[in-house]
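Peer 1: Which chain is which? The protein sequence lines are A and B, in order. Note that the first sequence covers residues 1 to 252 in this note's numbering. Note that the second sequence covers residues 1 to 382 in this note's numbering.
Some hints could be false.
[What the hints assert, rightly or not] Computed cross-link-like contacts, DMTMM-like style, restricted to lysine to aspartate or glutamate with a CA-CA straight-line distance of at most 20 Å: (1) A/K94 x B/E264; (2) A/K32 x A/E189; (3) B/K190 x A/D56.
[Unchecked claim] Residues from chain A that face chain B, not an exhaustive set, calculated with beta carbons under 10 Å: (4) V88; (5) S95; (6) T162.
Hint data in this document are derived by calculation from the structure and do not stem from the laboratory. Source: prediction; values computed, not measured. Beta carbons: idealized from backbone N, C-alpha and C, even for Gly.
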Amino acid sequence: MAHEKIQTENMFLHYGSKLALNDISIQIPEKKVTAFIGPSGCGKSTFLRSLNRMNDLIDGVKIEGKILIDGINIYDNNIDVVTLRKKVGMVFQKSNPFAKSIYENVAYGPRINGVKDKKQLDEIIETALQNAAIWTEVKDRLGDSAMGLSGGQQQRLCIARTLAVNPEIVLMDEPASALDPLSTSKIEELIVQLKEKYTIVIVTHNMQQAARISDLTAFFYLGELIEFDKTKKIFTNPEKKQTEDYITGRFG
Amino acid sequence: MTNKTQKGKRSKSSDSGLIDITQKKFRWSDYLAEKIIRGTAFLSIAIIVLIFFFVFRESLPIFSTAKSSAKTEASAENQATQETYGEVTDTPKAQDVQETYGEVVDISATADSTSEAYTVSAGSGFDDNQTALKSILTKDWVPVSQKPRYGILSLIIGTFKVTIISMLFAAPLAIMAALYTASFAGKRLKEIIKPTIELLAGFPSVVIGFFALMVLASFLQEVFHYDTRLNSFVGGIAMGIAAIPIIFTITEDALTAVPKTFSEASLALGASKWQTAFFVILPAATPGIFAAVLLGVGRVFGETMIALMATGNAAQMGLNPFESVRTLAATIGAEMAEVVFGDTHYNVLFLIGSLLFIFTFILNAIAEFYVKGKLMKRIQGK
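Next comes chain A alone, as it looks inside the complex (with noise of 0.2 Å):
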């Protein structure tokens, strides 16, 4: 197996007084995608969200264990959160482009980050937009809004946007579960061509998108991990009795 590019160890995490995520422990690899699948509630959203200290904006969320990113806890006092996420980019459930235009809603990014060069601007945001599949839609009307895009375009503008911080790890929270099938096959190429250069995880409450797209799958139920393994092997073999009910839809 490839490098492990994220490792939790023994993880639990706390709303308030209620138990959300119980020990968790996980290897993901480096350069393929892995995908969370389980029911509603069951942890994976949270579980997503603590790898680039999201939860942090949550009051009242308590986490324990280890959540290693290249071998370095990324919860200890020393790790810089800001940077930590421009490390970790995330895309988000809904596609929440900023009201500015194409270009600024990339250029947002590279520009915090100090980029202000015109022409190195001008190519970073080229690139991005063209390794997230949109560039020739945009093209021409780079100054025009982005809250005028179709939801598909939208999101793709958003994983763009993700991507012209230039992260190693790109996490997915149901990307595509607000599109249209169109859209949301685009966006399924889309991850299984960034994984050539970026860590992908990606939650998903659609199954067959797990198996058509991820490399690993992990079964996340009552805020626990129950099964980890190559895709393949989850949706045809899967170990555990909870997975397979699951996967089969005969879950109750």
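Since chain A is already given, all that's left is putting chain B on it; use the hints.
Peer 2: What follows is chain B alone, placed relative to chain A:
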């Protein structure tokens, strides 16, 4: 199936047992409620419109060339007396009648313009509305005099001067405070700051004016070392204090209303809290902030009490912020009670009232169209 129809004549048509929907019913409560709501809406609109027409009508005689009002003052009992109002400046008695109103500094200039414009009518009583109309666009506001002049230009300039100063002071403070409260303050702190500042919005302006007159004026004079103690700067700061709570509250609401997904997206891109607040949240709330500032402008524009107490009330044109000024609202407030009913002066005050009305109207129209049109378009991308 049970029959759900009402008793009496309508039950007949529902013999089949189905609910009958073909009979239109007259619902008294709905009818009354609708009429009452509509009536109230039109009443409130009508009241505003009628007030405007009343104010405007009272100012109309100025524009008519006929001598519509007899001027009582013109009886010329005390022809040679020198009228003074406010501080008496020690000037040697000139052959011309020299009026001072507040602190007139540049006496020669006043005298010059007076003699040019009014020599013709000087002999003929000077109560003509036409002369009043002519003098309106001059800078001399000397309404109580043998040769009254109603130059409201200095009042308009004074009002704008005070408004600009107060907004330069209040808007950045209020917006920054709101940004802090909305994006940085902890939950507990926010729960204290917001209601406290909102309470200040109900602070009686006479108290702020009093404070400005007694404390602020002396303090600022000590700091900035200017000559006139009460001036547009002091007035602007005091009115800014009155406007801060309004701007703060609405700005804070606008900032809080910015979707959380915006700040999440920005933070996930590796932006710091400050960068997120300044480059994402603040721009996204621009329409609301713009509206907040305009409301603040409206407040300062119509503010009377603070203007009366803190601006010095001398009608001057200069652009120096440390000169005394007289605002439109303060002029009405100070003079309306002492004016002769139906007199030209009375009409001019009503004209000033109409002007205030029109300015505020234009301001609100700009806010409405700018916010609804341009800004919303930019944000929704249509």
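Peer 1: Could you work out which earlier hints the structure fails to respect and list their numbers in ascending sequence?
Peer 2: Going through the list in order, the structure violates no hint and respects every one.
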